[in-house]
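Engineer: Single-letter residue listing:
Number of protein chains: 4
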Amino acid sequence: MSHNTFGHLFRVTTFGESHGPAIGCVIDGCPPMIPLDAAEIQAELDRRKPGQSRFTTQRREPDEVKILSGVFADERTGRQVTTGTPIALLIENVDQRSKDYSEIKDRYRPGHADFTYDVKYGIRDYRGGGRSSARETAARVAAGAVARKILPGVTIRGALVQMGPHPINRSRWDWDEVQRNPFFSPDAEAAAFYEDYLDRLRKEGSSVGAVIEIVAEGVPPGLGAPIYGKLDAELAAALMSINAVKGVEIGDGFAAAALRGEENADEMRPGNAGMPTFLSNHAGGVLGGISTGQPLVCRFAVKPTSSILTPRASVTRFGEEVDVSTRGRHDPCVGIRAVPVGEAMVACVLADQYLRHRAQVGQSVPWPFGELSPAQS
Amino acid sequence: MSHNTFGHLFRVTTFGESHGPAIGCVIDGCPPMIPLDAAEIQAELDRRKPGQSRFTTQRREPDEVKILSGVFADERTGRQVTTGTPIALLIENVDQRSKDYSEIKDRYRPGHADFTYDVKYGIRDYRGGGRSSARETAARVAAGAVARKILPGVTIRGALVQMGPHPINRSRWDWDEVQRNPFFSPDAEAAAFYEDYLDRLRKEGSSVGAVIEIVAEGVPPGLGAPIYGKLDAELAAALMSINAVKGVEIGDGFAAAALRGEENADEMRPGNAGMPTFLSNHAGGVLGGISTGQPLVCRFAVKPTSSILTPRASVTRFGEEVDVSTRGRHDPCVGIRAVPVGEAMVACVLADQYLRHRAQVGQSVPWPFGELSPAQS
Amino acid sequence: MSHNTFGHLFRVTTFGESHGPAIGCVIDGCPPMIPLDAAEIQAELDRRKPGQSRFTTQRREPDEVKILSGVFADERTGRQVTTGTPIALLIENVDQRSKDYSEIKDRYRPGHADFTYDVKYGIRDYRGGGRSSARETAARVAAGAVARKILPGVTIRGALVQMGPHPINRSRWDWDEVQRNPFFSPDAEAAAFYEDYLDRLRKEGSSVGAVIEIVAEGVPPGLGAPIYGKLDAELAAALMSINAVKGVEIGDGFAAAALRGEENADEMRPGNAGMPTFLSNHAGGVLGGISTGQPLVCRFAVKPTSSILTPRASVTRFGEEVDVSTRGRHDPCVGIRAVPVGEAMVACVLADQYLRHRAQVGQSVPWPFGELSPAQS
Amino acid sequence: MSHNTFGHLFRVTTFGESHGPAIGCVIDGCPPMIPLDAAEIQAELDRRKPGQSRFTTQRREPDEVKILSGVFADERTGRQVTTGTPIALLIENVDQRSKDYSEIKDRYRPGHADFTYDVKYGIRDYRGGGRSSARETAARVAAGAVARKILPGVTIRGALVQMGPHPINRSRWDWDEVQRNPFFSPDAEAAAFYEDYLDRLRKEGSSVGAVIEIVAEGVPPGLGAPIYGKLDAELAAALMSINAVKGVEIGDGFAAAALRGEENADEMRPGNAGMPTFLSNHAGGVLGGISTGQPLVCRFAVKPTSSILTPRASVTRFGEEVDVSTRGRHDPCVGIRAVPVGEAMVACVLADQYLRHRAQVGQSVPWPFGELSPAQS
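Residue numbers (our numbering), protein chains in the order written: chain E, 553 to 929; chain H, 553 to 929; chain A, 553 to 929; chain X, 553 to 929.
I should point out that these hints are in silico values taken from the structure, not numbers from a laboratory.
Remember, it's a predicted structure, so these values are computed and weren't measured experimentally.
The beta-carbon is built from N, C-alpha and C at its ideal position, and this holds for glycine as well.
One should not assume that every hint holds.
Said to hold, decoys possible - Pairwise CB distance ranges (calculated):
(1) A:Gly770 to X:Thr862: 30 to 40 Å
(2) H:Ala625 to X:Thr862: 23 to 33 Å
(3) A:Ser654 to X:Glu741: 46 to 56 Å
What the hints assert, rightly or not - List time: in silico EDC-like cross-link candidates among lysine to aspartate or glutamate, alpha-carbon distance up to 20 Å:
(4) X:Lys755 to A:Glu814
(5) H:Lys701 to H:Asp589
(6) A:Lys657 to X:Glu819
What the hints assert, rightly or not - Covered by chain X, according to a simulated footprint, are these stretches of chain H (three or more residues, beta-carbon under 8 Å):
(7) 559-572
(8) 619-630
(9) 667-680
Next up, chain E with everything else stripped away, as it sits in the complex (with noise of 0.2 Å):
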């Protein structure tokens, strides 16, 4: 079961509610003696932190993450590492303006869950949507820190490929570029057109949505687990499972549809150490649930930010008529900071995959992936 836990042997657990104390998460199953501290996971928190741009939520989280439990010192290396038993991580919420919560407490904001929850559980915490807001999130990246530590070789990267009806243009893809703008647009010049397009919908108080696209490389293959752990089926759960998302695609995803088998089959050639190359990669990296060795290419779709200021009709918890707009801090397009929260699940996914590898197959097939060896980490 898992309300609140992601993955199987690299299972995360994430607990806490916008505007409570503290959000967080419990890693369990990590393997030991992996050299990690909490400056490593800070990197990757800083990446999605609000207040960065004009572009995102003002709200001031420092997003300060403290290592509870699972790491020590190694007196051979000096380094701090990684014991084998559950590493909690901790981040204290602090920017929790006291405000006038009357206005929210009891209207049904269109978009959001706040009808979801008040009529599954019978009660929700609505300050800063409590644990439905997008803050949680940050537990995602902080284990994501973790997850990409244990996948010597593999590279993981996010983009921003399409804000509203806009998408970049893939023939000017950089991956650089993406750390120069607040967009993660690998195109600089999409980048400077959703400047000025996403001031003018913030200033009208509008919002729209993107798509975002994440592409791993050096994923060795054999990474999946068919036939309902298949590796394009978990990053389906994962992708889909962040807020706001509305769809994911693997490799040509709903294009597919439209090609032919001729056009559609990655035709192979004989290449290096007895492993096949690809001659294309339609299928973005997995074939029958498993991994092929090339590039994993996975989008998803977010929705517009359900934030904005225009009143839309809705109802009370108490089946009244009203309208609701929202003012203050929120994100215009939410998408943006959905870049590094997509790497970080597709890092649990193949981290939690690279386990269960090990677990069935070990070394008794041969694989081209060297073990994972504190050496190597």
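Here the structure of chain E is known, so what remains is to put chains H, A and X in place on it, guided by the hints.
Structural biologist: Positioned in the frame of chain E, the structure of chains H, A and X alone reads:
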């Protein structure tokens, strides 16, 4: 862990290879006292069965299901009912033509799982695709037939909404039409077009992809288990786990990314029994991972069948160059028979989430979904 | 998978080391709308707290619990209630005396987990036993306090029934007496004897084992999930997972092996509301893995504390001979403080099985156990 | 969740009722490339098979096992090997005497699960005990035969060490003797005594309990997953889940409670390859939930068979008084056939823990347990 098990409380474990003695599944966690006989399961299997038109594979499998356990005659009603113990379902493989596999056993068919199974496990049952064959989905359909029985008042229907690059015309949508053509198309005109289109492709030995839409009506609000067991996340995993699926959408899906917040928000007005009436359904019936009570709408993209006549470049498992083409029985559009499979997966997810809701919330929150009882089902 | 998670639907994940910053747990799956405040959890923790008499370790830990998430004020009643989201509980470690660990860090104390943690993980937090310290059981007791809240009408009590080779006299059993002596003994005379006995052992720097009995009254018939989630099987795992436990019994336990069928069968006579009345309880309240409605009776054996003054032969982690003795704070009979821990584990198992029953059977079978509702709890 | 599934990574799901068409299991997670044929499984099943002496039930079941999936011929060696996909095993029920069940169907036999299944599920397959029949354990033994194959170098043997109140004499322990008498007694003199003793009980229509001991040699140090997946906790659940078991012990078990710390601590001296040599084994091969490398020793108590000729007071399912006695085929000491079942459960736990260890720790910590490889197994 879930290599071959799907679901948490309504758990389905499938087994079997395409050309082994049998395929089947064990359903664990099914509530007791639900009337169930083999004929009900058979009716669903017959919808997926191969060889029913010239547009699907000509393999002749009766797909006759036997119930091996978990049911017993209720002497009070004379009906056979579930007992709460595991329900084992067996489907023997009948049409395993003995043939020469020398062409296939050492060659990696592009787009197939041949290479990935071999690289992962060091061996594969190459006859008819073995475990990675779409034949495994018969077990899913059988399980889905049982899942439907524990969802009183819920109607789950699927339709093919695009074949190759050709979508249906949604203004002509007619659920009754879905039963009348061999494509599960809700648009009679599109069905007529598909007939010619697919005949042409079939004669060329080619293949094409498809998009399938599943709609579940009567789903009560409150189903779903945030954060990682969200209803939409589990649907995404369920649908992506079907053979050849490359994309999944909930509600507006990828189109939502292009919308502004004002367009995407589903407004509400007071409805019956204190429940809101939604004025639109961009969300596809899910907010915050929990059902809203609106129809649940999801879509998935199926890639073109990888078995085609046109030779494609590939390698053998010894690393030698080879060209591969596939003769013999195959589905030119494997998406067609994916319709009942998609319905079954949605049914399994909903049954599981229903039991999860019953576990955590039970009667402690008044809920507009009558408790399952023998009388109702 | 469950390295550090206990339970299926009422899931408790614990974390933390004895001398790290904090220990704690995350409870996932708790039903919503259950009144819960920290004071209720604290009351249980105080029963297990060290340093309350001269017969337990003199470590001074206030064991103050904080609720980090999962509760919210119900404005209808003014009470704080659960919200259905994960409940994170934190207990900071306060009395981590900074001391010289050079004696312990390289030596394997006989009977301790020093060697096995080292051989498994390659590293261990040696301060106070780290993760293998009995300190972890504080998190279990906290979780058990929450579990009790979802079991209306069930009373779970424990007692020490044997210390070293000295059993209590069952004819003097008095539940009230359990609260009055520092040993949780239900027999006042035995308690008086234990006082002298343990003082003597303590002064010799020795230790002794114990047998604990837990009785749960008010458990309705029907709880348990055959075949592998049987109520007694889960109790056995729960109790055996407590530090230093070497044996578990249900009902007559090992004594049942010596009985004849006529003696062991618990006869029945018609009782109230169509339920049978049992004339004896050799079964300890479980038949076929399902509760009978009789009191649930289980016992567990705790080995003597391994920390003793008498030097014992051992090795260092470099393979050198060494003699080890343990100075400083320790429990001469660790079984004493295991009483509230055993109660907590039984509460967690029952809460989990209750939710499992509610999931699979719900209201479809009339059941003599009132549904949990806010009013009841 | 685990109603009918046992294990986490080596997962066994059993199904079937005593008098239904078949019983069986699905094993998921078995590593690939392990030589396996039906004869090996059959050999284990034959040890548990009823009707082999006058001391077990006279039901005549050939218990012939069929492998339905998960194996394939490895053309390199000509041997049938596992493929990494689920292994389904089927055992058809043959000796289902058609008989009159009117005596049993409405009466609750004392000590049986009749009442508890009925009160929980509202219905039960009463023929031969249905799902609660010891017949289910045949599926466990079959799964155990597969589990043994992935534990190179580990020897798992069981013996009956007490029948009724009569223990064996441990000084006469001879593992070879276990094969030579129908009681699995390691003490030839005790076996001779049991023959007369059980003949007398059988003629009286009575029954008696037993204690079984399982010893696993060659278990490497490091197996076990603290805190809640401890090796001893999982063994306790595994053994307690066997029909009629009421107690479980590891190492000294309940006797440990009577010891002082000095007596109980297993001292160590430097051994081979840097591993310590233990000077005693009170711990039964487990410290802190992790194996020490010493022999794993566990015991379980089996209550007397509940089916006896002497009438016992009971009720019908309509609440009427009735006296019940059981005629016909039954085991006078069901503990005898529990010996191979206990071995199988220990094998399954060890296989599961081995895969868990391989997942979390892999090669990152040097481990004195050769990796499983096709050559070894």
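Engineer: Quick check: which numbered hints come out false for this structure?
Structural biologist: Violated hints: none; all satisfied.
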